[in-house]
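Undergrad: Below, each chain spelled out in residue letters.
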Amino acid sequence: GAVVSQHPSWVICKSGTSVKIECRSLDFQATTMFWYRQFPKQSLMLMATSNEGSKATYEQGVEKDKFLINHASLTLSTLTVTSAHPEDSSFYICSARPGGGQPQHFGDGTRLSIL
Amino acid sequence: DQQVKQNSPSLSVQEGRISILNCDYTNSMFDYFLWYKKYPAEGPTFLISISSIKDKNEDGRFTVFLNKSAKHLSLHIVPSQPGDSAVYFCAASSYGGATNKLIFGTGTLLAVQP
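Line by line, the protein sequences are chains C and L. Residue numbering for the first sequence follows our numbering, beginning at 1 and increasing consecutively. Residue numbering for the second sequence follows our numbering, beginning at 1 and increasing consecutively.
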């Protein structure tokens, strides 16, 4: 089955640090990947749609300069949380759609904790 | 504005019985609906989906029902098993199906008691 790999699974860092999260489609190519954010006991909120070879599309209220997305290849999208602060602490999840009518498949998420 | 709502934050069911999870939506442009299962600290796992041209889709123990006039869908799990215990999210998309962005509900925590 389609596999989406996300790395790292857990990050703890100091306030002001920039953190990069990788999302890879392991056995399929994905022209579109999605980045979600989940706060405790809340729903998954779409942050942005990552488009291979072009700019990401951000949802309303998401700061594009804060959350930098790069989709340089058909199997890799990265989310960089720049100058992270404690309020950025959350669970970040990516997804990709294999195509052929298949639904989105999700990575296992990244737990980001900013001290 | 919560376009997809799951009004029951939790549900407890005995093993072997039926679990019914409900989901309501407000956007009439949604034409594709999905259910995902999620364990703590993991990403969601796809369970089953339904297109708006159907009112029922079945896959093994899982059946999804769609009532477009009521803007309501439900997931039936029968028989329920302890391994089904997880958070279940319904999700909806528009303009042609699963290609597009998903709007998630708030989730229902299902606990299946042995």
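Rather than coming from a laboratory, the hints here were simulated on the basis of the structure. For glycine and all other residues, C-beta sits at the position ideal for the given N, C-alpha and C. Possibly wrong hints are sitting among the right ones.
Said to hold, decoys possible - Using 27 Å as the maximum straight-line C-alpha spacing, the simulated DSS-like pairs for lysine-lysine come out as follows: (1) L/K37 to L/K54; (2) L/K54 to C/K41; (3) C/K20 to L/K101; (4) L/K101 to C/K55; (5) C/K66 to L/K54; (6) C/K20 to C/K55; (7) L/K5 to L/K37.
Unchecked claim - If you want the ones that stay clear, here's a sample from chain C, every Cβ over 12 Å from chain L, calculated: (8) A2; (9) D27; (10) S43; (11) A48; (12) G53; (13) L76; (14) G101; (15) R111.
Undergrad: Are the hints correct? Go through all of them and say.
TA: Going down the list of hints, with the structure as the test:
no.: 1; hint: L/K37 to L/K54; result: 22 Å, holds
no.: 2; hint: L/K54 to C/K41; result: 31 Å, violated
no.: 3; hint: C/K20 to L/K101; result: 22 Å, holds
no.: 4; hint: L/K101 to C/K55; result: 16 Å, holds
no.: 5; hint: C/K66 to L/K54; result: 41 Å, violated
no.: 6; hint: C/K20 to C/K55; result: 17 Å, holds
no.: 7; hint: L/K5 to L/K37; result: 16 Å, holds
no.: 8; hint: A2; result: 9 Å, violated
no.: 9; hint: D27; result: 16 Å, holds
no.: 10; hint: S43; result: 5 Å, violated
no.: 11; hint: A48; result: 9 Å, violated
no.: 12; hint: G53; result: 17 Å, holds
no.: 13; hint: L76; result: 17 Å, holds
no.: 14; hint: G101; result: 7 Å, violated
no.: 15; hint: R111; result: 7 Å, violated
Of the numbered hints stated above, those contradicted by the structure are hints 2, 5, 8, 10, 11, 14 and 15, listed in ascending order.
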